[in-house]
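Visitor: From first to last, the protein sequence lines stand for chains P and F. Per the numbering used here, the very first residue in the first sequence carries number 227; after that it's consecutive. Per the numbering used here, the very first residue in the second sequence carries number 227; after that it's consecutive.
It cannot be assumed that every hint is accurate.
Just so you know, same-sequence chains aren't split out, so a pair can sit in one copy or run between any two.
Simulated pairs of lysine-lysine, DSS-like, Cα-Cα distance not exceeding 27 angstroms [claimed, not checked]:
(1) 291 with 312
(2) 264 with 247
(3) 318 with 264
(4) 247 with 231
(5) 264 with 231
(6) 288 with 237
(7) 323 with 264
(8) 291 with 264
(9) 323 with 231
(10) 231 with 263
Rather than coming from a laboratory, the hints here were simulated on the basis of the structure. All values reported here derive from a predicted model rather than from experimental measurement.
Listed below, chain by chain, are the residues.
Number of protein chains: 2
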Amino acid sequence: MGATKSDHFTKRQNQLSVLLKAMAHPARIAIVEYLIKKKSCICNDIVNELPLAQPTISQHLKELKNAGLIRGNIEGNAICYCLDEKGFDIIKSYFEKLIPNIGLAKCSC
Amino acid sequence: MGATKSDHFTKRQNQLSVLLKAMAHPARIAIVEYLIKKKSCICNDIVNELPLAQPTISQHLKELKNAGLIRGNIEGNAICYCLDEKGFDIIKSYFEKLIPNIGLAKCSC
DNA sequence: TTTATCTATCGTAATATTGCAATATAGAAA
DNA sequence: TTTCTATATTGCAATATTACGATAGATAAA
Numbered sequence: 227m228g229a230t231k232s233d234h235f236t237k238r239q240n241q242l243s244v245l246l247k248a249m250a251h252p253a254r255i256a257i258v259e260y261l262i263k264k265k266s267c268i269c270n271d272i273v274n275e276l277p278l279a280q281p282t283i284s285q286h287l288k289e290l291k292n293a294g295l296i297r298g299n300i301e302g303n304a305i306c307y308c309l310d311e312k313g314f315d316i317i318k319s320y321f322e323k324l325i326p327n328i329g330l331a332k333c334s335c
Numbered sequence: 227m228g229a230t231k232s233d234h235f236t237k238r239q240n241q242l243s244v245l246l247k248a249m250a251h252p253a254r255i256a257i258v259e260y261l262i263k264k265k266s267c268i269c270n271d272i273v274n275e276l277p278l279a280q281p282t283i284s285q286h287l288k289e290l291k292n293a294g295l296i297r298g299n300i301e302g303n304a305i306c307y308c309l310d311e312k313g314f315d316i317i318k319s320y321f322e323k324l325i326p327n328i329g330l331a332k333c334s335c
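Kindly generate the complete structure, drawing on both the sequences and the hints.
Guide: See the structure below:
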């Protein structure tokens with residue numbers, strides 16, 4: 227017990243939960259927003275920008291990368307991280323499709 | 227160590243992470259989708275529907291409720307859970323605003 | 001009342017996440 | 001080569017999450 231029973235849910239539900247989990251942390255939200263603010267992705271000033279140690283940032287970047295929300299490219303000495311629109315689109319369209327159906331559920335609550 | 231440093235991030239970033247965390251679990255995604263499928267919110271058949279024990283479902287419902295994604299109303303013997311559109315709208319509009327900015331970041335990666 | 005049903009809570013075990021110091025690795029610069 | 005700078009990995013401690021059996025509470029039905 228303790229481990230999520232991911233085998234009992236659909237592949238789509240599991241995929242979505244991976245994407246959402248990657249975004250479900252204030253530090254990772256802050257990283258994503260920083261990558262957007264700096265229109266170019268010349269990166270890790272992130273370590274200087276956020277109040278977290280370098281290994282912690284590195285770990286968060288890894289999770290965002292594993293989920294498919296960012297990509298990383300070696301650029302000389304440094305690494306250039308940038309957002310991968312596809313993952314974000316999956317999240318967005320999920321909620322865009324979900325929400326109209328909420329209104330349809332006529333509920334007396 | 228181990229605790230999320232939520233005090234270092236903005237209130238908005240923390241609020242969003244709470245909403246996303248509530249949705250970042252396949253069981254809770256399945257619960258939300260079930261509440262939508264059953265257009266009325268006469269609820270806990272959820273326990274019979276999902277491959278999880280009743281206390282586990284109850285716990286997941288509590289988290290969805292704490293995050294503000296569902297409401298629960300006593301209805302005789304049972305409890306009527308239904309979706310609260312507001313929380314979902316916050317998630318949706320966050321990604322709707324975020325995504326156009328991804329394209330603007332001209333990145334060679 | 002007694003019994004059945006529905007839901008919540010408690011207690012606990014297994015597992016996952018978070019954060020960081022220390023260290024490793026890899027390329028750039030000297 | 002050596003040194004510096006950027007990033008990743010390891011190892012560990014603190015904390016959080018997940019799941020469920022046992023139990024409690026509250027209403028419904030008998």
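Visitor: Give a verdict on every hint.
Guide: Status of each hint after checking the structure:
Taking CA atoms no more than 27 angstroms apart as the test, residue 291 paired with residue 312 passes inside one copy only; the shortest distance there is 12 angstroms, against 30 angstroms between copies. Within a single copy, residue 264 and residue 247 get their C-alpha atoms as close as 24 angstroms, and across copies as close as 26 angstroms, so both meet the 27 angstroms cut-off. Taking the shortest alpha-carbon separations for residue 318 and residue 264, both the intra-copy value of 22 angstroms and the inter-copy value of 23 angstroms come in at or below 27 angstroms. In this assembly of identical chains, the alpha carbons of residue 247 and residue 231 lie at most 27 angstroms apart whether taken from the same copy (15 angstroms) or from different copies (17 angstroms).
In the homo-oligomer, the alpha carbons of residue 264 and residue 231 lie at most 27 angstroms apart only across protomers (23 angstroms), although the nearest pairing inside one protomer, at 39 angstroms, exceeds that limit. Taking the shortest alpha-carbon separations for residue 288 and residue 237, both the intra-copy value of 22 angstroms and the inter-copy value of 24 angstroms come in at or below 27 angstroms. In the homo-oligomer, the alpha carbons of residue 323 and residue 264 lie at most 27 angstroms apart only across protomers (16 angstroms), although the nearest pairing inside one protomer, at 30 angstroms, exceeds that limit. For a Cα distance limit of 27 angstroms, the shortest separation of residue 291 from residue 264 inside one copy, 18 angstroms, qualifies, whereas the shortest one across copies, 36 angstroms, does not.
Proximity of residue 323 and residue 231 under a CA criterion of 27 angstroms is satisfied intra-copy only: 26 angstroms inside one chain copy versus 33 angstroms between copies. Taking the shortest alpha-carbon separations for residue 231 and residue 263, only the inter-copy value of 22 angstroms comes in at or below 27 angstroms, while the best intra-copy value is 37 angstroms.
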